[in-house]
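The hints should help you fit chain P onto chain C, whose structure is shown.
If you read the sequences in order, they're chains C and P.
Counting from 1, position 284 in the first sequence corresponds to residue 343 in the numbering used here; the numbering is continuous, with no gaps.
Counting from 1, position 101 in the second sequence corresponds to residue 184 in the numbering used here; the numbering is continuous, with no gaps.
Calculated directly from the structure, the hints in this document are not laboratory data.
Check each hint, because a few of them may be wrong.
Here are the computed distance ranges between Cβ atoms for each label pair [said to hold, decoys possible]:
{"#": "1", "chain 1": "C", "residue 1": "Arg-416", "chain 2": "P", "residue 2": "Ala-204", "range": "40 to 48 Å"}
{"#": "2", "chain 1": "P", "residue 1": "Ala-204", "chain 2": "C", "residue 2": "Glu-443", "range": "16 to 24 Å"}
{"#": "3", "chain 1": "C", "residue 1": "Glu-504", "chain 2": "P", "residue 2": "Val-162", "range": "44 to 52 Å"}
{"#": "4", "chain 1": "P", "residue 1": "Val-196", "chain 2": "C", "residue 2": "Pro-452", "range": "14 to 22 Å"}
Heads up, the beta-carbon is just placed ideally off N, CA and C, and yes, glycines get one too.
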Amino acid sequence: MNPEIALRLERALRRLSVQPNVSKLRVHRGDEPPLNLDVRPARPESNWLERDIGRSGATLGVEHHGAFDPAALNDAVAWCEDVLAATADVRELASARDQAARQEALLRSVLMTLTDGVLLYDRDMELIECNESAVRMFGASRLDQMSLREGPDRIEHVFRPGGGPLKFEEWPAYRAVKNREWVNRELLDYRRADGQQRWLLVNAAPVAAGAVMSIADLTDFHEARAIAEENVQVWQALVGALHEGVALFDVHGRVEELNAAAEQVLGVRQMDVREEPRMAVVTGAVDEQLRPVSELPYQTAKRTGRPVTGVVLGMKNRRGSLRWYLTSAVPLRDGRVVASIMDFTSVKSAAAESEQRKDEFISTLSHEMRTPLTSLAGALALLEAGAAGAVPPSAANLVQICSRSAARLTRLVNDVLDLEKIVAGSVPLTLAQHRVSDLIHHAVEAVAAASRQLGVEVVSVDRPVAVVATDADRVAQILANFLSNAVQHSSPGDRVELSTSEAGTHVRIAVRDYGPGVPAAFRSRLFTRFAQAEPQAARGGAGLGLSICKALARALGGDVGFAAQPDRGSVFWLTLPASPP
Amino acid sequence: MKRPLRTVLCVDDDADILAVVSLALKSLGGFEVHLANGGQGALARLAKGGIDLVLLDVMMPEMDGHETLEAMRSNPATVDTPVVLMTARVQLYQAATPPPTVLAVIAKPFDPVSLSSRLVALWESAPQ
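Isolated chain C, as found in the complex (with noise of 0.2 Å):
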């Protein structure tokens, strides 16, 4: 037991113990160890009384060997009970403001990590405490404004939304401590005293104190928000006026958003997606060559997850001609999907017509350019063999360019209307079974002499065994073409290349050059009339001999095409259909 509380038990027991009979006290609580007080000397005859002390759980235990006073017993009780009770009261109060003290520091913890401000009123609207974040919101001497000590009727520089200064009965604490009043989310503009304006959404509370009021800055959030609406309007205008058709896809593939152009190729209503996203109807899609499509652009970029630009489908139109359509899609990382669709059906059109007319015209051109060469290389060739006498040897030079020049234009002349005839599809092919290996015998051996005497080697690094139906001689000249224009860019002692692989239900024969490669911004012209990555004097064709390849190939039920190569050099192949073994 505690000294001091042992000294005032022995106070309290005083009366008891000048009781002549009495000769042991003792005050026993729980584990507690007992106060004993021996008063004198105990004898034979002692008896043992207890009782116990009020409700403080403890008890008083007398010695004696005869009678007492009583009421020396009952003050001793009450005595101790009154000093028990005191010292728990001061144990519980101790305990109480330890607490206390803890939750005070872990409250003030909270607040000062708080990017809310958070400010705390007594009951006279004092501002009794403010938190770091409150101070840098305001500042330390509008902070002191915010108190109804300052005087002022009126909180300065805090405005209603839209309104005048905001007055001090109207301050959301005011109302909270007088009106004892809940303050939920209430907007409120603040003018900084560098002039920037500052959007504050105030909750206040009533407390015993007085009121605790928060502010949260929501300037950036409400001026982001206020530039995603201005964007969305924006957005929605130029959507509204595109000519091309704009649809938002939601997860689903359900229509969720378009524009009055999309209406009547997506099959659904503006006013009806609005209500709830729907399904488009879109049915009997096909593509350029008319086969039906299985997938339009936006389910491919939704199930891929990458955009899918340029797509061409054809669909009907409600009187049911067909049109069609430029579609591109682009997928949302939110798994929506945005897709764009242009009727191009006048402009399609108007090229292949453009295109045709074209042809018509370099037709006509080269057939018209056939009278006068035949006069100009006809006169040439004439003087070349001495027909109108001897060409003086000063002459006999001109003769040669001209004559060489006229041979050139005759090529070209010819390689048009070839290409016209090919694409027209009336050049006659003579198909037959052609073992690839023997193909590409011949190929080679075509260029061997022209190829050894550039020093380049032409070799076949496979042995096909593959079986083709196709047309020898046209394969030949495809060929030649790939391997002609290999040789030519490659330098003495490089190689070229052939070899075969299956493409599929095709077999791929390809040429491997290991020359400076195709210039980049060439690549995509390659195989279209009239393309030369160089000056036509440096190698002597007119750029047809490619997009003669690509109509023969056609043809002949194949293709060929272009793969640019790392390192360096280029492929170009050549496919054709493979018959059944």
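This is chain P only, laid out in the frame that chain C set:
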């Protein structure tokens, strides 16, 4: 034994071609060459007789090669006179077979140096 080819009538509206053909056939082939710049002129010259073979351009203004050929074939005097057509649009005849009354179709531009020998070969192969 067929008698050798001697006289050739060249019909073309292009004077330069006539000049080239004429030079080729005269100096390299040694033929007697007559010239006409259109169908009417050709028929007029044929009416005079003495023409072994006609080298006839197809594309000509007014009376073209086909009309000229038709007129020749409907005239007993020229019904069998061998005709060789010259044309820049040779593919027209590649798709279809050449007219049966024509010996051959020569594509423009042609090689004038070998023209004479080609005509001789055609003349030799022609039915009597």
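Exercise. Taking the CB of Val-196/P and the CB of Pro-452/C, does the distance hold inside 14 to 22 Å?
Worked result: holds, 20 Å
Exercise. Could one say that the CB atoms of Ala-204/P and Glu-443/C fall in the range 16 to 24 Å?
Worked result: The hinted range 16 to 24 Å holds for Ala-204/P and Glu-443/C, with Cβ atoms some 22 Å apart.
For this session: Please test the hint of 44 to 52 Å on the beta carbon pair from Glu-504/C and Val-162/P.
Result: holds, 50 Å
Problem set entry | CB-CB spacing for Ala-204/P and Arg-416/C relative to the 40 to 48 Å hint | Check passed, 42 Å falls within 40 to 48 Å.
Hint violations for this structure: none, all hints satisfied.
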